[in-house]
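Residue numbers (the numbering used here), protein chains in the order written: chain A, 1 to 452; chain B, 1001 to 1482.
Because the hints were derived from the structure by calculation, they are not lab data. The reader is advised that the hints may include incorrect statements.
[Said to hold, decoys possible] Cross-link-like lysine to any residue pairs, in silico, SDA-like; alpha carbons within 25 Å at most: (1) A:Lys-177 with A:Ala-191; (2) A:Lys-383 with B:Lys-1353; (3) B:Lys-1046 with B:Met-1206; (4) A:Lys-351 with B:Ala-1445; (5) B:Lys-1426 with A:Lys-305; (6) B:Lys-1368 with A:Lys-305; (7) A:Lys-347 with B:Lys-1353; (8) A:Lys-305 with B:Gln-1417; (9) B:Lys-1353 with A:Thr-389; (10) A:Lys-305 with B:Ile-1152.
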Amino acid sequence: MYSVFKDFSTFKRNKMELKDKLLSSYVAFENRVDTNSDVHEIRSQALENFEELGFPTRKLEAWKYTSLNTVLKQDYSLFPNTERAIELVDVKQYFIHEIDSYKVVFIDGKYSSFLSQTTHEHYDVCLMSSALSNAKYKPVIDKYFNKIAKQDNLTSLNTAFAVEGAYIHIPKNTEVKKPIQIINFTTGSEAATMVQPRNLVVVGENAHVQIIERHQSLTSNAVLTNVVTEIFADKAANIDYYKIQDDEITASLVDNSYIEQQSNSVVSVHTFSFGGNITRNNLNFYQKGEHIDSILKGITIIEGKQHVDHHTLVHHIEPNCESHQDYKGIYDERSTGVFNGKVIVEKEAQKTNAYQQNNNVLVSDKATINAKPQLEIFADDVKCSHGCTIGQLDEDALFYMQQRGIPQKEGRALLMFAFANTVLESVRIPEVKQRITKLIANKLNVNIGFDL
Amino acid sequence: MSKYTEDDLREELKTKEYEYGFYTDIESETFAKGLNEDVVRAISKKKNEPEWMTEWRLEAFRVWSKMEEPEWANVTYKKPNFQEIAYYSAPKQKPKLDSLDEVDPDLLETFKKLGISIDEQKKLANVAVDIVMDSVSVATTFKKTLAEKGIIFMPISEAIQEHPELVKKYIGSVVPITDNFYAALNSAVFSDGSFCYIPKGVRCPMELSTYFRINEGGTGQFERTLVVADKGSYVSYLEGCTAPQRDENQLHAAVVELIALDDAEIKYSTVQNWFPGDEAGKGGVYNFVTKRGLCENNAKISWTQVETGSAITWKYPSCILKGNNSVGEFYSIAVTNNYQQADTGTKMIHLGKNTKSTIISKGISAGKSQNSYRGLVQINARAENARNFSQCDSLLMGNECGAHTFPYIEAKNKSAQIEHEATTSKIGEDQLFYCNQRGIDTEKAIALIVNGFSKEVLNKLPMEFAVEAQKLLEISLEGSVG
């Protein structure tokens, strides 16, 4: 079906469209994985799907405000050959190193045992590659792998090449002792690199876990990350997930997360977007039980020509559930922010309480914000509200502070901290909160210490 | 493309007639079904229009033939076959009735509930009153008073004859023929509509109103309204529609253009009650309307609409706030019942400095209906200090209907202040219980609560209209309480 290329490096010379390149590299990819497995059938199916759909264009309603054209023009190396070792001291700053944690670290899409700390004791915090190939995990993979991921273009692309990522399985009634950090480094050994990590998180009944995810490029070479994370929360499970996006300006990220919740579970996802070129977050919640709480929060602070697009979906399927969304954005210079929050309430989902808030501050004349808070409601006994504002910092408050000797820059920073605080408040790992505070302070170019 | 000449067209026209075995009799009152350049030409000829108008229509037709029907709206319906519609009808052949006794009792019942006077009932039911009702506009009795003030208010077909310079200048200036599928169609085939011009500094002393009604089966309705308010003038314009029961789908694709020059104010109110289809969702009017207003400096345009009818509503009255300090307002109530679908909202395009816009949208869904609010607030980079407030509230009755909101907000200026709120709720059992306790039956209680919910918008309507609209709401929701 696809022409066979023996050597990948030949791709570099004949420049071709990324889509064609991906399609033709699939054969080579097949040489490296077990093609006689159920998972591979899913992959092939997904590839066909991607071949049909192609990359998203602005003609699609979901991509109206975000164009990937400039990102797709790069000549990405799909499977970097050279393995490069990284010293811990070089990358320590990207870990939340103040706390003891499990770590699943990948360098250019390959597992780094040196930097990682995994476990199989009581629960599994390990690798997708072993989960996919080891018979021991087959029941879990059969039950959960690619079950809630949407069959859309980029997710299908990820599924087609799914081979590595974090695999986390927490059995019921278990509390994971320390947070888990999933970190993907790209070393820039090639001029441009595309990586597609695939994570699976299965949390059993009444279990509790905290996860921190980060994608980090170590050089200024172009990177495109297309990550898919599937998260399953069984009854009364509690998942606390943090995404820290503070990458190099040459790195783009498409983050597709799919979360399925059973009765009484609580899942919260915090997304902190400060860096990167184009960042697109597709965060999807499916509530498959009653008395579920879904929490989606985010802080976006960007400048330059950065572009951050938050696309959220909360699908209320059963009655008596809640969802809380709170996204704050501060946009400077020529940056663009997009917020598209969709809430669907099915007609069975009576007594739903869905809340959505999106507040934005434009700091510069050239910055743009496009917001589309969208409600689709089919049940009559529900409380659904959304609020969306675009405004500026309060000049009176700024003047008040200046009068009292707080310089303008610091005054502005204080106001922005206050603006973003509702999101920070619900961060439950103090070290993460401290780190985010520091990142915001750096971003705003001020030196304000906040003692916790 | 090589340029068409008159002769080329004539030649083409001749051959085309044979090609399709299609013949248009200019003298007949209703054209045969179908649409091609001949029909467009024939409509134009029928109206005795000047050449520029004919050309304008033909250009619109050519644009239209290349366009595709939009599918993005949140509605599902069987697409009309545009070749199955007659594009022109004059109202003369309607059977005249001798007295009200011959009128369909259901229709009379509706009139009674709306509180329409006997005379007007006769008019509406087509009982021997000499007023024409189809596309050709209703003659306006107040013409003389208006003429004294220099106000021009006449059917657009007459305006094309009598004031070609005004029509030529403004028609298509706010809604260009290339704007969208239905606007292009309308531009090609509009049969009539209203034209209104308010001279400088004149305050129009009365509410201008037109009644459009679809009466003849299988006739598409394509009106064109053009309202121009010159500097410092004011006009309040009413448009109301009630359509009698019809069993086949009728297409209604109107275009309304408002132009408010410096310091002018236009208030445009609509009560729309086209036939919504019966309880099983059969029949009903498709209402695909393009309404847009342009505000120059310090001008104000205010849209108020009460939408209770139509099987499908697809309508976004918009304001382009081009001038500095201009103001756009949109107040809307959309009620859907049974199988009705409404996708309605507004666009506020802020171009000038210190522009303000307000959007209040109330959606009420009952039965198996779907009600969507779709709005765009766009602040352009040069629109300093733009201000917008949007509020969309939905009221759901029963769990078989749906309420949707699709608000788009695009801000490119840091001094913009935009607020958007949306809520969804239902009629509380305690509210109903409270009313029941006080001897108000459930149906009346619901009407009461719905009226309260819609008050903000109803208050914006001119007095007579408000009363009628309030009753319309009640009728529309009749039998929706389970």
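Against the structure, the hints come out as follows:
1. A hinted pair counts as satisfied when its Cα atoms are at most 25 Å apart, and A:Lys-177 with A:Ala-191 does not qualify at roughly 40 Å.
2. In summary, the hint linking A:Lys-383 to B:Lys-1353 is not supported, as the alpha carbons are separated by about 37 Å, beyond the 25 Å threshold.
3. Distance restraint check for B:Lys-1046 and B:Met-1206: the Cα-Cα separation of roughly 32 Å exceeds the 25 Å cut-off, and the hinted pair is therefore not satisfied.
4. Taking the CA atoms of A:Lys-351 and B:Ala-1445, the gap is near 23 Å; set against the 25 Å cutoff, the hint holds.
5. Annotation: proposed proximity of B:Lys-1426 to A:Lys-305 is violated, straight-line Cα distance about 44 Å (limit 25 Å).
6. For the suggested pair B:Lys-1368 and A:Lys-305, the alpha carbons sit about 46 Å apart, so the restraint of at most 25 Å is broken.
7. Proximity of A:Lys-347 to B:Lys-1353 is assessed by CA-CA distance (about 44 Å); at most 25 Å being required, the pair is judged violated.
8. Restraint check for A:Lys-305 and B:Gln-1417: the C-alpha separation of about 23 Å stays at or below 25 Å, so the hint holds.
9. For a cut-off of 25 Å, the pair hint linking B:Lys-1353 to A:Thr-389 stands: about 19 Å separates their Cα positions.
10. A hinted pair counts as satisfied when its Cα atoms are at most 25 Å apart, and A:Lys-305 with B:Ile-1152 does not qualify at roughly 52 Å.
Consistency with the previously given hints fails for numbers 1, 2, 3, 5, 6, 7 and 10, ordered from lowest to highest.
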